[in-house]
Amino acid sequence: MKIKVKVNGAWREDEVEPRLLLVHYLRDVAGLTGTHIGCETSICGACTVLVNGEAVKSCTLFAVQADGAEILTIEGLAPDGQLHPLQQGFWEEHGLQCGFCTPGMILASYQLLKRNPHPSPEEIRQGLEGNLCRCTGYQHIVKAVEWAAARMSS
Amino acid sequence: MQAFEYARPKTAQEAVALLASEWGKSELLAGGSDLLSRMKDDVSAPQRIVSLSGVHELRGIAASARGLRLGALVTLDELETHPAVREHYAGIAQAVEQVGGPQIRNVGTVGGNLCQRPRCWYYRNGFGLLATYKGRPLVPDGDNRYHAIFGNEGPAYFVSPSSLAPILIALGASLRLLGPDGPRDLPVEQFFVTPKSEAEREHAIKPNEVITEVLVPPANGTKSGFYEILQKESLDWPLAMAAVALQMEGRRVEKARVVLGQVAPVPWPSAEAEEALKGKMVSEEVAEEAGRAAASKATPLSKNKYKVQLARVAVKRAVLLAAGLVKKGEV
Numbered sequence: 001m002k003i004k005v006k007v008n009g010a011w012r013e014d015e016v017e018p019r020l021l022l023v024h025y026l027r028d029v030a031g032l033t034g035t036h037i038g039c040e041t042s043i044c045g046a047c048t049v050l051v052n053g054e055a056v057k058s059c060t061l062f063a064v065q066a067d068g069a070e071i072l073t074i075e076g077l078a079p080d081g082q083l084h085p086l087q088q089g090f091w092e093e094h095g096l097q098c099g100f101c102t103p104g105m106i107l108a109s110y111q112l113l114k115r116n117p118h119p120s121p122e123e124i125r126q127g128l129e130g131n132l133c134r135c136t137g138y139q140h141i142v143k144a145v146e147w148a149a150a151r152m153s154s
Numbered sequence: 001m002q003a004f005e006y007a008r009p010k011t012a013q014e015a016v017a018l019l020a021s022e023w024g025k026s027e028l029l030a031g032g033s034d035l036l037s038r039m040k041d042d043v044s045a046p047q048r049i050v051s052l053s054g055v056h057e058l059r060g061i062a063a064s065a066r067g068l069r070l071g072a073l074v075t076l077d078e079l080e081t082h083p084a085v086r087e088h089y090a091g092i093a094q095a096v097e098q099v100g101g102p103q104i105r106n107v108g109t110v111g112g113n114l115c116q117r118p119r120c121w122y123y124r125n126g127f128g129l130l131a132t133y134k135g136r137p138l139v140p141d142g143d144n145r146y147h148a149i150f151g152n153e154g155p156a157y158f159v160s161p162s163s164l165a166p167i168l169i170a171l172g173a174s175l176r177l178l179g180p181d182g183p184r185d186l187p188v189e190q191f192f193v194t195p196k197s198e199a200e201r202e203h204a205i206k207p208n209e210v211i212t213e214v215l216v217p218p219a220n221g222t223k224s225g226f227y228e229i230l231q232k233e234s235l236d237w238p239l240a241m242a243a244v245a246l247q248m249e250g251r252r253v254e255k256a257r258v259v260l261g262q263v264a265p266v267p268w269p270s271a272e273a274e275e276a277l278k279g280k281m282v283s284e285e286v287a288e289e290a291g292r293a294a295a296s297k298a299t300p301l302s303k304n305k306y307k308v309q310l311a312r313v314a315v316k317r318a319v320l321l322a323a324g325l326v327k328k329g330e331v
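Protein sequences appear in the order of chains S and W. Residue numbering for the first sequence is 1 to 154, as defined by our numbering. Residue numbering for the second sequence is 1 to 331, as defined by our numbering.
Treat each hint with caution, since some may be false.
Said to hold, decoys possible - SDA-like cross-link-like pairs, simulated, lysine to any residue; straight-line CA separation at most 25 Å:
| id | chain 1 | residue 1 | chain 2 | residue 2 |
| --- | --- | --- | --- | --- |
| 1 | W | K232 | S | E122 |
| 2 | W | K196 | W | E78 |
| 3 | S | K2 | W | E5 |
| 4 | W | K40 | S | E15 |
| 5 | W | K327 | S | E129 |
| 6 | S | K2 | W | P46 |
| 7 | S | K4 | W | Q47 |
| 8 | W | K10 | S | K114 |
| 9 | W | K10 | S | N116 |
| 10 | W | K232 | S | E40 |
| 11 | S | K2 | W | K40 |
| 12 | S | K4 | W | F4 |
| 13 | W | K327 | S | Q126 |
| 14 | W | K327 | S | R115 |
| 15 | W | K10 | S | A69 |
| 16 | S | K4 | W | R48 |
| 17 | W | K40 | S | F100 |
| 18 | S | K143 | S | W91 |
| 19 | S | K6 | W | G54 |
| 20 | W | K40 | S | E129 |
| 21 | W | K328 | S | E129 |
| 22 | W | K232 | S | E129 |
| 23 | S | K114 | W | E78 |
| 24 | W | K327 | S | P121 |
| 25 | W | K206 | W | D181 |
| 26 | W | K196 | W | G126 |
| 27 | S | K2 | W | K25 |
| 28 | S | K143 | S | A69 |
| 29 | W | K10 | S | V16 |
| 30 | S | K4 | W | G54 |
| 31 | W | K10 | S | L20 |
Derived from the structure by calculation, the hints contain no laboratory data.
Make the full structure from the sequences, and use the hints.
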């Protein structure tokens with residue numbers, strides 16, 4: 001089945017099987033391996049991408065469901081090599097250790113800051129409840145998002 | 001996951017025509033959170049998936065003097081953030097704001113929340129809705145910590161998983177279904193049934209019917225509240241929940257509706273709790289009494305007595321929230 005999607009600003013058309021998951025499409029067909037596969041059961045959030053501006057778990061969506069949609073993956077946040085404030089925040093505040101959850105964390109944070117540019121630490125934790133991290137204990141992630149929020153509003 | 005044919009109808013009528021007249025052959029796809037999980041585990045293996053994403057008539061929230069009309073494809077996120085829902089139907093907003101996480105609420109829909117299949121781990125591992133092995137029920141002597149504490153005389157022991165159903169029932173909402181013979185309306189309460197055999201479903205929907213909308217009567221000052229108890233606050237399945245709708249004269253309850261969730265194969269209205277509230281001035285003691293009444297007839301299984309206490313507390317806190325005696329986060 002033919003689908004047409006705009007991935008990180010560029011339209012592409014591909015022939016896919018209906019059962020192909022969006023995360024596998026992004027990684028194996030589009031070659032964008034920044035989106036990670038963690039649990040593949042919509043729990044961990046590592047596969048989070050934005051579809052038409054909304055954060056979704058791409059392991060629990062068929063690629064055909066995204067037909068016609070605009071998709072933003074972690075690669076699309078720094079198109080010309082200039083880090084996005086969220087990426088910079090995770091760097092500055094040590095919001096990662098192994099980095100496996102980071103692309104999903106950053107894209108979930110992206111939606112959070114779009115909806116609420118000045119979140120409290122509690123609101124950041126609620127906004128990231130769909131993303132698991134097994135290294136940081138979350139404290140540094142909350143600080144990274146606060147750093148980005150401050151940078152983006154300055 | 002097994003291969004399937006993917007159909008994208010443009011109207012609800014077309015969707016109905018694409019559905020098979022027997023269970024298992026075809027499945028409706030809205031957000032897909034539950035369906036994809038079942039398909040990955042081979043619990044469901046439809047030959048055809050009918051995607052509703054192009055059926056625009058199923059979208060949209062309309063709030064008017066006639067009440068609230070929710071298209072079946074309204075997402076939980078849209079519902080949670082809608083001003084009229086937050087103002088007049090606080091219990092609905094409270095019920096959806098803890099479903100899954102933000103990513104799940106972005107895709108999860110009203111229709112899908114009502115139609116999701118039970119979380120029972122026997123069912124999810126291929127032992128069928130009634131969880132049997134060689135004709136023997138597995139739940140009574142098995143790991144039944146998450147199973148029913150009401151309505152569990154068998155053969156069904158699973159719990160109804162919908163977070164929206166209890167509050168919709170408490171508010172007197174109904175569903176509109178479209179099938180080959182046209183539309184029909186059904187109170188949400190009657191949509192949930194306890195299956196008596198493996199051939200039956202827990203929903204009073206036919207294999208070739210589609211939920212098109214949910215209709216909630218005008219609030220007219222009805223105060224509603226919802227409280228659920230989870231093992232951990234983030235992204236977890238609730239262990240017990242309670243939805244309460246109160247018609248009040250000042251602080252005195254004229255009429256109460258109390259419906260529990262996650263405690264029985266269907267959303268569980270509690271006539272005992274409703275009776276305990278009727279005519280009373282709401283206070284912490286009265287709310288406590290309603291909780292005690294709600295839990296009084298529970299029949300827990302071998303490993304889920306703790307859920308009786310959770311149900312009791314959920315009712316108490318939902319009453320206090322509905323009456324406005326506490327705010328969310330204070331209970």
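Structure-based check of all given hints:
1. A hinted pair counts as satisfied when its Cα atoms are at most 25 Å apart, and W/K232 with S/E122 qualifies at roughly 15 Å.
2. As the CA atoms of W/K196 and W/E78 are separated by approximately 36 Å, the hinted pair breaks the 25 Å bound.
3. Distance hint between S/K2 and W/E5 is fulfilled; the C-alpha atoms sit about 13 Å from each other, no more than 25 Å.
4. Under the criterion of a C-alpha separation no larger than 25 Å, the hint pairing W/K40 with S/E15 is consistent with the structure, at around 22 Å.
5. A distance of roughly 21 Å separates the Cα atoms of W/K327 and S/E129; the hinted pair therefore holds under the 25 Å criterion.
6. Distance hint between S/K2 and W/P46 is fulfilled; the C-alpha atoms sit about 21 Å from each other, no more than 25 Å.
7. Distance restraint check for S/K4 and W/Q47: the Cα-Cα separation of roughly 24 Å lies within the 25 Å cut-off, and the hinted pair is therefore satisfied.
8. With a CA separation close to 32 Å, the supplied pair W/K10 and S/K114 exceeds the 25 Å bound.
9. Distance check on the hinted pair: W/K10 and S/N116 sit about 35 Å apart at the alpha-carbon level, beyond 25 Å; violated.
10. Distance check on the hinted pair: W/K232 and S/E40 sit about 21 Å apart at the alpha-carbon level, within 25 Å; holds.
11. The suggested pairing of S/K2 with W/K40 holds, with an alpha-carbon distance near 23 Å, which does not exceed 25 Å.
12. Distance hint between S/K4 and W/F4 is fulfilled; the C-alpha atoms sit about 20 Å from each other, no more than 25 Å.
13. Using a Cα cut-off of 25 Å, the hinted pair W/K327 and S/Q126 holds, with the two alpha carbons roughly 18 Å apart.
14. For the hint linking W/K327 to S/R115, the alpha-carbon distance of about 23 Å falls within 25 Å, and the restraint holds.
15. For a cut-off of 25 Å, the pair hint linking W/K10 to S/A69 stands: about 17 Å separates their Cα positions.
16. Our distance criterion of 25 Å between C-alpha atoms is met by S/K4 and W/R48, whose separation comes to about 22 Å.
17. This hinted pair checks out: W/K40 and S/F100 have alpha carbons roughly 23 Å apart, not beyond 25 Å.
18. For the given pair, S/K143 sits about 11 Å from S/W91 by alpha-carbon distance, which is consistent with the 25 Å threshold.
19. Restraint check for S/K6 and W/G54: the C-alpha separation of about 18 Å stays at or below 25 Å, so the hint holds.
20. As the CA atoms of W/K40 and S/E129 are separated by approximately 23 Å, the hinted pair is consistent with the 25 Å bound.
21. With a C-alpha separation of about 18 Å, the suggested pairing of W/K328 with S/E129 holds against the 25 Å cut-off.
22. Note on W/K232 and S/E129: the hinted pairing holds, with a Cα-Cα distance of about 11 Å set against a maximum of 25 Å.
23. Between S/K114 and W/E78, the direct Cα distance comes to roughly 16 Å. Compliance with the 25 Å bound is thereby established for this hinted pair.
24. Between W/K327 and S/P121 the alpha-carbon distance is near 20 Å, which keeps this suggested pair within the 25 Å criterion.
25. Distance restraint check for W/K206 and W/D181: the Cα-Cα separation of roughly 11 Å lies within the 25 Å cut-off, and the hinted pair is therefore satisfied.
26. The hinted pair formed by W/K196 and W/G126 meets the criterion: a straight-line CA distance of about 18 Å does not exceed 25 Å.
27. For the hint pairing S/K2 with W/K25, the CA-to-CA distance comes to about 24 Å; that is within 25 Å, so the pair holds.
28. Distance check on the hinted pair: S/K143 and S/A69 sit about 32 Å apart at the alpha-carbon level, beyond 25 Å; violated.
29. Distance check on the hinted pair: W/K10 and S/V16 sit about 21 Å apart at the alpha-carbon level, within 25 Å; holds.
30. Simply put, S/K4 and W/G54 have alpha-carbon atoms about 15 Å apart, close enough for the 25 Å limit, and the pair holds.
31. Using a Cα cut-off of 25 Å, the hinted pair W/K10 and S/L20 holds, with the two alpha carbons roughly 22 Å apart.
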